[in-house]
Amino acid sequence: MRKFTALLIKELRELINKRLIASFVIIIFMFQIIGKIGESESKKLEERKEIGLVMLDDGKYSKTIETTLRTIFNVYKVEGSAPEEWMKNAYESDIRNVVVVPQGFSREIEAGKRAKIEVYVVTKSLGIRERIQKTILTSIINSLNASISRELLLEKAKGEDPEFLTKPVSTEEYVYLK
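When the letters of the sequence shown are read in order and numbered with the numbering used here, they come out as residues 3 to 180.
Check the hints yourself; a few may be wrong.
[To be verified] BS3-like, lysine-lysine: derived pairs with alpha carbons at most 27 Å apart:
| no. | residue 1 | residue 2 |
| --- | --- | --- |
| 1 | Lys79 | Lys45 |
| 2 | Lys126 | Lys79 |
| 3 | Lys126 | Lys136 |
| 4 | Lys45 | Lys65 |
| 5 | Lys115 | Lys169 |
| 6 | Lys38 | Lys126 |
| 7 | Lys62 | Lys51 |
| 8 | Lys136 | Lys51 |
| 9 | Lys180 | Lys90 |
| 10 | Lys79 | Lys51 |
| 11 | Lys45 | Lys62 |
| 12 | Lys38 | Lys62 |
| 13 | Lys5 | Lys65 |
| 14 | Lys118 | Lys136 |
| 15 | Lys62 | Lys169 |
| 16 | Lys45 | Lys136 |
| 17 | Lys180 | Lys118 |
| 18 | Lys38 | Lys118 |
| 19 | Lys90 | Lys160 |
| 20 | Lys126 | Lys180 |
| 21 | Lys169 | Lys79 |
| 22 | Lys79 | Lys90 |
| 23 | Lys158 | Lys126 |
| 24 | Lys118 | Lys65 |
| 25 | Lys160 | Lys118 |
| 26 | Lys115 | Lys136 |
| 27 | Lys158 | Lys51 |
| 28 | Lys38 | Lys90 |
| 29 | Lys65 | Lys126 |
| 30 | Lys45 | Lys180 |
| 31 | Lys118 | Lys158 |
| 32 | Lys65 | Lys180 |
None of these hints come from the bench; they were simulated from the model.
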């Protein structure tokens, strides 16, 4: 039995060397670093984000959009008369997403037509973070559609196109690469 124990200890000493221990230590530190990065990124995603809003319409449905956005984001009014000016003002205020509700938006919906809102995004690259941001914006548009649909269904439940009642807003998206 002593020979077996001595042989086992000898083999374990040969197997467990400085390189093996060093690689285990490095792997443990790498997992800790990756965990910290993941934790900080998830906290950033959970924070209430900021969004710019250009309101060129003062109708009932544009107010619904503003109310819906305010429940999700910190909404800042962006001033200007053209997309370049909106984006410049938003970028200077460190706002990367701007929703524009054009003039006549509410009138289009009231007339039974699809109304468009414009979504502008300022980005420095086209990486994963920007793709996540696009997904967030898409879900916002879905929320806006749902809010307006609820109002429409309450008002005009009969004789309307169901597709229009469930999706009254279409989107035009623009990305500015700086």
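Do the hints match the structure? See the list:
no.: 1; hint: Lys79 to Lys45; verdict: holds (26 Å)
no.: 2; hint: Lys126 to Lys79; verdict: holds (22 Å)
no.: 3; hint: Lys126 to Lys136; verdict: holds (14 Å)
no.: 4; hint: Lys45 to Lys65; verdict: violated (30 Å)
no.: 5; hint: Lys115 to Lys169; verdict: holds (10 Å)
no.: 6; hint: Lys38 to Lys126; verdict: holds (24 Å)
no.: 7; hint: Lys62 to Lys51; verdict: holds (25 Å)
no.: 8; hint: Lys136 to Lys51; verdict: holds (13 Å)
no.: 9; hint: Lys180 to Lys90; verdict: holds (11 Å)
no.: 10; hint: Lys79 to Lys51; verdict: holds (14 Å)
no.: 11; hint: Lys45 to Lys62; verdict: violated (35 Å)
no.: 12; hint: Lys38 to Lys62; verdict: violated (45 Å)
no.: 13; hint: Lys5 to Lys65; verdict: violated (86 Å)
no.: 14; hint: Lys118 to Lys136; verdict: holds (17 Å)
no.: 15; hint: Lys62 to Lys169; verdict: holds (17 Å)
no.: 16; hint: Lys45 to Lys136; verdict: holds (18 Å)
no.: 17; hint: Lys180 to Lys118; verdict: holds (26 Å)
no.: 18; hint: Lys38 to Lys118; verdict: violated (41 Å)
no.: 19; hint: Lys90 to Lys160; verdict: violated (44 Å)
no.: 20; hint: Lys126 to Lys180; verdict: holds (5 Å)
no.: 21; hint: Lys169 to Lys79; verdict: holds (25 Å)
no.: 22; hint: Lys79 to Lys90; verdict: holds (13 Å)
no.: 23; hint: Lys158 to Lys126; verdict: violated (44 Å)
no.: 24; hint: Lys118 to Lys65; verdict: holds (15 Å)
no.: 25; hint: Lys160 to Lys118; verdict: holds (23 Å)
no.: 26; hint: Lys115 to Lys136; verdict: holds (26 Å)
no.: 27; hint: Lys158 to Lys51; verdict: violated (34 Å)
no.: 28; hint: Lys38 to Lys90; verdict: violated (34 Å)
no.: 29; hint: Lys65 to Lys126; verdict: violated (31 Å)
no.: 30; hint: Lys45 to Lys180; verdict: holds (26 Å)
no.: 31; hint: Lys118 to Lys158; verdict: holds (20 Å)
no.: 32; hint: Lys65 to Lys180; verdict: violated (32 Å)
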